[in-house]
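Colleague: Here are the chains, one letter per residue:
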Amino acid sequence: MAAIEIRGLSKTYRVTRKKEGLVATLRALFRPEYEYVHAVRSIDLTIESGEFVAFLGPNGAGKTTTLKLLSGIITPTSGEARVLGHIPWRRENAYRRRFALVMGQKNQLWWDLPAAESFHLHQQIYGIPPDQFTRVRDELTEMLGVRQLLHRPVRELSLGERMKMELVAALLHSPQVLFLDEPTIGLDVVAQYTIQQFLREYQARTGTTVILTSHYMKDVVVLCRRVVVIFDGQIIYDGSLTNLVDHLGDYKIITIRFSDGQVPTDLSRFGKIILREPPRVRLRVARNEATEVIRAVLARYIAEDVSVEDPPLEELIAALFASARNSRLSQERGNSAVPEDTTHSANH
Amino acid sequence: MPQPLRYLQIFATFARNSLIRDMTFRANFLIEFISSLSWVFMNLGFYILIFHYTPSLGRDTGWGKYEFFVFTGTALMINSLAGMLFMTNADNFGELIRRGGLDFVLVKPVDTQFLVSLQRVDWSSSGNFLVGLGLAVYSLRCLGVWPSPVTIVLYVFYLLCGVVILYSLMFLLAATAVWLGRNETLFDFWFYIVSFGRYPMEIYEGRFGRPFRWFFTFIIPVLVAINVPSRFLVQSIRPQSLEEWLLPLYTIAATVIVFAVCRAVFQLALHSYRSASS
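Chains as they are written, first to last, in our numbering: chain A, 1 to 348; chain B, 1 to 278.
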């Protein structure tokens, strides 16, 4: 059975339209005008038990809203979802014992107390047997290298150390489903790396079903084979990361280092020059022409070093978002003549 | 582990963690402790001053100096219990809503209202409770009254009813934060309402008093919260009317109803929770 099943899930927020100026504000006090924000629009998604899935999307795309719906924090406007067979927004204890939520932007540990005290509280809230509690806590703090910090007040920890403690707190009850909302946000590379390695190892060992949202492509590359791209409340891509790269990345980046310190001036005929920093040059060329270009360059000039890379994932994703935005805009322009269409927020 | 025991254990941890936290900031704790105690003593001084001029509140009401001090002791105990257990939490609820901290409470496999209501225990109010208890005992001794065990059981029961009534009113107002965003003024309203309950109900007499008495007994039952337990100690000897007999029964009904309303509104609030952005 699938761990997570989502059918036609939608969440629409009604917000009061804010206007500038005192008169408009006073008028709005008596006759508020509303507009509707479609945070999630009819999402369908099935996630099998043991998958590690990434949600990608720009800010405000609906990733976090989807996670909140699946955690039962908010109730959907329409549609269905089942996680481990439970309807999340019924907030049954039986369900709440089986999943965990980590949010990089919010913290749940008691600020002025050592993490150990918050862990103790979690033990009681989740009814974890003492021996299991001690074992899991020691294991997790060992893996994350924060065991010696257990008795230091949380407010004295660094952001990275605190995030690691947040992870431990969330995993103490060995959840079957884990929602990670930007767990590495704002962390330095070392802390990011530690958390990535931890999550990978933990997930491989326990087979926990994980959904991760992150803005760091590195997280996604290291952890997730399956990627769901959400844009404007809708899923615009669902598949493997490699497919996404193949699908989008129809070009390669070639970096050449010339040996005599001189950079030839006629390189632009091979491809687009994106960096010129003698003796180095970076060229952007069509994927199927890459080998041809290298052969031609090497035949003509003396190069010290040549490397070929896929374009950076960030760039690909940004391009994907940009094209989604363009098609959305043209769609809306086409729709504006049809007033009965209510699916787009801009029409309200 | 049986459910009630588990909840008790969680509450004990909340109380313990709060104490550890209070002890980390000892100076702050002492200042709060002393300032709230001095407020209590200033009030007491004021009441003593009043009884310099009159032997009793009104004529033949039965509220002499020490009867009134039993009442005040009871009021102190009920108010300090409500303050100690719930006030910080009710105050914090708006913050949980505004900043989205409620997210983490909602995903816990424990009743959300329980977690929100009891997360923090304000130990600095414990001094007021002890003063109230001391005042009630001392005044009873001055009156030469020795309550029977049954009276004491009834007194404690109604004292707890009083705490539940104050709690329910407090969280009814606090829950509106979900719809209002900010509700600080509405929350201050709690203090205004509760201050009506801090006096014997006999003072609400006459053309002006009667409507007050009726309103704060039957619509917002804050008047029975302190009056009823106190009457068991110092007034039960001479019931003045039928009302006097019905009052304890009514108090139980009022406690149940006001708590049920609070619970229903709170559930509705949780349903309407929108969760602040990521």
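Some clues are possibly wrong.
Said to hold, decoys possible - Once the Cα atoms are required to be at most 20 Å apart in a straight line, the calculated EDC-like pairs of lysine to aspartate or glutamate come out as:
{"#": "1", "chain 1": "B", "residue 1": "K108", "chain 2": "A", "residue 2": "E92"}
{"#": "2", "chain 1": "B", "residue 1": "K108", "chain 2": "B", "residue 2": "E95"}
{"#": "3", "chain 1": "A", "residue 1": "K218", "chain 2": "A", "residue 2": "D238"}
{"#": "4", "chain 1": "A", "residue 1": "K106", "chain 2": "A", "residue 2": "D238"}
{"#": "5", "chain 1": "A", "residue 1": "K218", "chain 2": "A", "residue 2": "E48"}
{"#": "6", "chain 1": "A", "residue 1": "K106", "chain 2": "B", "residue 2": "E95"}
Honestly, the hints are just simulated from the structure, not real lab data.
Colleague: Has the given pair, A/K218 with A/D238, been kept, meaning a C-alpha gap of at most 20 Å?
Modeller: 18 Å, holds
Colleague: Would the hint linking A/K218 and A/E48 be met if the CA-CA limit is 20 Å?
Modeller: The hint is violated at about 23 Å.
Colleague: For a C-alpha distance cap of 20 Å, please report whether A/K106 and B/E95 respect it.
Modeller: The hint holds at about 13 Å.
Colleague: So if I understand the rule, the pair passes when the alpha-carbon distance is 20 Å or less; does A/K106 with A/D238 pass?
Modeller: It is violated: about 28 Å lies between the C-alpha atoms, which goes past 20 Å.
Colleague: Mind checking the alpha carbons of B/K108 and A/E92 for me, to see if they're no more than 20 Å apart?
Modeller: 10 Å, holds
Colleague: Holds or violated: B/K108 and B/E95, Cα atoms, limit 20 Å.
Modeller: 18 Å, holds
Hint compliance for this structure: hints 4 and 5 are broken, all remaining hints hold.
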